[in-house]
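Sequences and hints are given; from them, build the entire structure.
Protein chains: 2
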Amino acid sequence: MVAPLRVGIAGLGTVGAEVVRLIEQQGRVLTERTGRSVQVVAVTARSKKKRAVDLSGIKWAKDPLALAADPEVDCFVELMGGAGDPALSAIDTALKAGKSVVTANKALIAKHGLKLAKAAEKHGGALNFEAAVGAAIPVIKTLREGLAGTGISRVYGILNGTCNYILTRMEQEGLSFDECLKDAQRLGYAEADPSFDIHGHDTAQKLAILASLAFGTQVAEKSIYVEGISSIAPEDLKAAAELGYRVKLLGVAMRTAKGIEQRVHPTMVPKSSSIAQVMGVTNAVTIDGEGIPPITLVGPGAGGAATASAVVADIADVARGIRAAPFGRPVDKLQATEKAPMERHEGGYYIRLMARDHAGTAATIATRLAEQKISIESIVQRHPNGSEPAKTTGKSAPVPVILITYATHEDAVHRALQAVQRDKVISGKPQVIRIEKN
Amino acid sequence: MVAPLRVGIAGLGTVGAEVVRLIEQQGRVLTERTGRSVQVVAVTARSKKKRAVDLSGIKWAKDPLALAADPEVDCFVELMGGAGDPALSAIDTALKAGKSVVTANKALIAKHGLKLAKAAEKHGGALNFEAAVGAAIPVIKTLREGLAGTGISRVYGILNGTCNYILTRMEQEGLSFDECLKDAQRLGYAEADPSFDIHGHDTAQKLAILASLAFGTQVAEKSIYVEGISSIAPEDLKAAAELGYRVKLLGVAMRTAKGIEQRVHPTMVPKSSSIAQVMGVTNAVTIDGEGIPPITLVGPGAGGAATASAVVADIADVARGIRAAPFGRPVDKLQATEKAPMERHEGGYYIRLMARDHAGTAATIATRLAEQKISIESIVQRHPNGSEPAKTTGKSAPVPVILITYATHEDAVHRALQAVQRDKVISGKPQVIRIEKN
Numbered sequence: 008m009v010a011p012l013r014v015g016i017a018g019l020g021t022v023g024a025e026v027v028r029l030i031e032q033q034g035r036v037l038t039e040r041t042g043r044s045v046q047v048v049a050v051t052a053r054s055k056k057k058r059a060v061d062l063s064g065i066k067w068a069k070d071p072l073a074l075a076a077d078p079e080v081d082c083f084v085e086l087m088g089g090a091g092d093p094a095l096s097a098i099d100t101a102l103k104a105g106k107s108v109v110t111a112n113k114a115l116i117a118k119h120g121l122k123l124a125k126a127a128e129k130h131g132g133a134l135n136f137e138a139a140v141g142a143a144i145p146v147i148k149t150l151r152e153g154l155a156g157t158g159i160s161r162v163y164g165i166l167n168g169t170c171n172y173i174l175t176r177m178e179q180e181g182l183s184f185d186e187c188l189k190d191a192q193r194l195g196y197a198e199a200d201p202s203f204d205i206h207g208h209d210t211a212q213k214l215a216i217l218a219s220l221a222f223g224t225q226v227a228e229k230s231i232y233v234e235g236i237s238s239i240a241p242e243d244l245k246a247a248a249e250l251g252y253r254v255k256l257l258g259v260a261m262r263t264a265k266g267i268e269q270r271v272h273p274t275m276v277p278k279s280s281s282i283a284q285v286m287g288v289t290n291a292v293t294i295d296g297e298g299i300p301p302i303t304l305v306g307p308g309a310g311g312a313a314t315a316s317a318v319v320a321d322i323a324d325v326a327r328g329i330r331a332a333p334f335g336r337p338v339d340k341l342q343a344t345e346k347a348p349m350e351r352h353e354g355g356y357y358i359r360l361m362a363r364d365h366a367g368t369a370a371t372i373a374t375r376l377a378e379q380k381i382s383i384e385s386i387v388q389r390h391p392n393g394s395e396p397a398k399t400t401g402k403s404a405p406v407p408v409i410l411i412t413y414a415t416h417e418d419a420v421h422r423a424l425q426a427v428q429r430d431k432v433i434s435g436k437p438q439v440i441r442i443e444k445n
Numbered sequence: 008m009v010a011p012l013r014v015g016i017a018g019l020g021t022v023g024a025e026v027v028r029l030i031e032q033q034g035r036v037l038t039e040r041t042g043r044s045v046q047v048v049a050v051t052a053r054s055k056k057k058r059a060v061d062l063s064g065i066k067w068a069k070d071p072l073a074l075a076a077d078p079e080v081d082c083f084v085e086l087m088g089g090a091g092d093p094a095l096s097a098i099d100t101a102l103k104a105g106k107s108v109v110t111a112n113k114a115l116i117a118k119h120g121l122k123l124a125k126a127a128e129k130h131g132g133a134l135n136f137e138a139a140v141g142a143a144i145p146v147i148k149t150l151r152e153g154l155a156g157t158g159i160s161r162v163y164g165i166l167n168g169t170c171n172y173i174l175t176r177m178e179q180e181g182l183s184f185d186e187c188l189k190d191a192q193r194l195g196y197a198e199a200d201p202s203f204d205i206h207g208h209d210t211a212q213k214l215a216i217l218a219s220l221a222f223g224t225q226v227a228e229k230s231i232y233v234e235g236i237s238s239i240a241p242e243d244l245k246a247a248a249e250l251g252y253r254v255k256l257l258g259v260a261m262r263t264a265k266g267i268e269q270r271v272h273p274t275m276v277p278k279s280s281s282i283a284q285v286m287g288v289t290n291a292v293t294i295d296g297e298g299i300p301p302i303t304l305v306g307p308g309a310g311g312a313a314t315a316s317a318v319v320a321d322i323a324d325v326a327r328g329i330r331a332a333p334f335g336r337p338v339d340k341l342q343a344t345e346k347a348p349m350e351r352h353e354g355g356y357y358i359r360l361m362a363r364d365h366a367g368t369a370a371t372i373a374t375r376l377a378e379q380k381i382s383i384e385s386i387v388q389r390h391p392n393g394s395e396p397a398k399t400t401g402k403s404a405p406v407p408v409i410l411i412t413y414a415t416h417e418d419a420v421h422r423a424l425q426a427v428q429r430d431k432v433i434s435g436k437p438q439v440i441r442i443e444k445n
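These protein sequences, in sequence, are chains A and B.
So in my numbering, the last one in the first sequence is 445, and the numbering has no gaps at all.
So in my numbering, the last one in the second sequence is 445, and the numbering has no gaps at all.
Among the clues, some could well be false.
Taking lysine-lysine pairs in the PhoX-like style, the calculated list, with each CA pair at most 25 Å apart, reads [to be verified]: (1) A/278 x B/278; (2) B/444 x A/278; (3) A/346 x A/125; (4) B/245 x A/278.
Please keep in mind that the hints were generated in silico from the structure rather than gathered at the bench.
All values reported here derive from a predicted model rather than from experimental measurement.
In structure tokens:
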């Protein structure tokens with residue numbers, strides 16, 4: 008019999024306590040599956056308060072660094088969170104001592120992943136972070152191992168449950184962004200300060216990790232174009248539905264002729280695509296492998312039990328002796344990336360304008376788009392309550408005009424819309440949403 | 008630098024040739040990802056005909072057994088197919104020589120998987136078969152490693168593209184089973200002899216493999232209740248749609264109080280479930296882990312490139328030194344199973360009866376169900392062309408009555424329907440489809 012894997016856990020919140028419970032409950036199966044016993048031998052947390060999980064017989068380390076350095080711990084599990092210390096130095100300490108590390112800390116991996124992967128490489132330990140993206144959805148393992156022999160052309164996904172919950176409610180109930188955000192906060196799906204989620208930064212950190220695994224890029228949040236969902240209106244979701252689309256906040260990383268493009272923004276996806284079916288707080292990732300139809304993984308992207316499931320699977324991999332490169336390749340093979348120049352982005356666009364309703368407006372808009380060589384797939388102009396346009400006075404309320412374009416360049420769209428604004432045939436700022444085809 | 012992994016491939020059909028091409032094309036990435044070079048050093052196939060892939064510099068072995076025994080081969084890749092020899096003895100030979108084996112051969116793994124896993128265990132090689140279920144969908148890896156620490160309560164999926172293609176066409180176009188089967192054959196989605204697919208046996212073999220990985224059961228096709236899709240009529244799909252369901256051929260393995268129940272049959276699934284969205288030849292598997300929302304993996308379940316993608320990922324795992332137990336646990340820990348006693352199956356049921364349309368029929372049916380303590384969730388009776396029922400003569404054509412029951416036992420349903428048939432209030436045989444809730 009191989010010696011047991013001795014696990015030390017820093018952080019005993021919902022996830023940490025559930026990891027302790029799962030390892031205990033699944034003990035026999037874990038031993039069968041990995042060929043060795045997995046034992047939690049030491050823990051630490053900010054407070055020694057009473058917890059729902061039995062910690063008798065488990066050593067209490069005085070702090071995370073002491074736990075990370077403990078020679079009786081083989082595998083250090085970091086579940087404290089926070090993008091810096093003490094999590095960072097504790098992980099660094101554990102790796103430099105040759106231990107394997109498991110963490111659910113997306114922000115830390117996004118910011119310091121390369122440095123930590125380098126330390127893991129040098130000292131021979133594993134650095135596993137399946138729970139950092141999509142919780143129990145095995146997307147890290149799929150990209151790191153499951154598609155190791157397949158060139159990947161694009162990976163994209165719904166990586167933030169808060170945003171998907173808000174967009175789902177807005178679409179299904181016609182509510183405003185603000186109303187849905189408040190509900191999400193009330194139900195615990197959104198933080199008191201929701202900006203990190205709704206402005207797309209959480210999605211960007213996760214995307215940086217996925218892109219690295221898929222394309223061999225250095226994890227770098229700053230290379231990602233980021234746009235959140237607060238500008239999305241119920242009208243956009245309604246118009247999208249009528250045109251056969253849904254709006255999702257996607258993180259997209261794709262191979263282009265100019266390099267790897269990484270971006271986070273509200274996106275129109277065809278209603279028939281797997282990703283469009285994903286509602287509420289559920290997460291999903293679609294991977295386009297070269298020459299094969301898309302593979303989509305759907306599941307819970309957050310929650311104590313789902314996160315703990317991924318953490319224990321990572322611990323099981325350590326027990327089994329699996330040592331894959333943290334980002335799929337040696338750190339010195341990972342390529343630097345530049346921020347996606349969105350003005351050169353190619354794709355279809357949804358454009359919603361509020362047209363001042365007099366004769367010639369549609370013609371003016373069509374002309375400005377044609378000048379930029381933008382072809383229109385569909386155009387819908389609606390008169391509220393079925394009223395006729397005011398043909399002569401031009402005094403009626405603005406009416407929405409919805410356009411879907413064929414693939415074009417983003418700067419062409421901007422130039423056309425600037426011209427339309429100069430023509431003074433529209434009110435307010437045009438709404439523009441990129442379309443992602445499956 | 009570690010020595011290269013020397014690969015021998017038996018079988019150079021679509022998949023085999025694509026594997027050779029992928030290993031060549033992805034060579035640099037494979038080396039980065041696995042830490043060693045992966046080289047195809049020997050191949051064999053039935054004929055030496057010219058192929059699209061370059062085999063220069065690769066040794067041609069005289070037969071699969073010679074290739075399997077070749078001391079210059081570290082990893083034997085079996086892509087010949089067939090549930091017996093030569094594939095079986097070749098794999099056995101390779102494993103007994105301590106080599107690792109990769110195969111896409113579902114039938115062989117379903118029939119001889121335990122014996123081969125035992126040989127792999129004894130001699131220290133890997134036995135990988137990701138491509139055998141769901142081709143490029145990483146479902147084997149997910150069950151074997153990705154959810155190693157999570158108790159699984161149910162795994163179910165659309166595992167046969169032919170059947171899902173037929174059911175999709177029937178639903179979307181209102182066509183009959185026979186028409187859709189002929190189209191599927193014309194388009195190459197169904198074999199000339201389609202019975203293995205449409206009667207559910209292909210699904211059953213795949214399910215036996217998934218159940219083993221999820222629940223630690225011995226792979227045993229004979230423990231599976233199997234029912235195909237040939238009895239499904241367009242009326243059933245139409246009624247299902249109206250009641251908020253779709254009909255899919257599912258393989259389902261679940262933990263029950265009486266043991267692991269394994270079954271393959273047409274199934275009504277709620278339209279809102281991830282699995283219901285899966286159309287055409289696409290496959291999907293949903294895994295219910297204890298305490299966490301379902302995880303669904305969707306993607307191509309067949310095709311040369313998709314299958315080759317999984318085969319090369321399996322080879323990469325061998326190169327990386329990953330040696331997980333083939334069925335997730337040591338063979339002697341796998342439990343024997345018994346065939347699911349379907350009469351004790353519990354669930355909701357869809358029942359379509361052709362009622363002889365005279366007064367009292369509905370009452371008779373309702374009474375017979377009530378006698379068996381079956382509660383009805385909904386009942387729909389339709390008069391074709393909006394005609395009124397013939398109240399007195401009883402001579403009009405039979406009209407369909409559709410019932411959805413709440414959860415009950417299958418034998419209760421059978422007893423109730425036998426009573427209704429004895430009452431002579433219906434024509435023909437009742438259609439019964441089990442409902443699977445998500």
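Consistency of the hints with the structure:
no.	hint	in the structure
1	A/278 x B/278	holds (14 Å)
2	B/444 x A/278	holds (23 Å)
3	A/346 x A/125	holds (23 Å)
4	B/245 x A/278	holds (21 Å)
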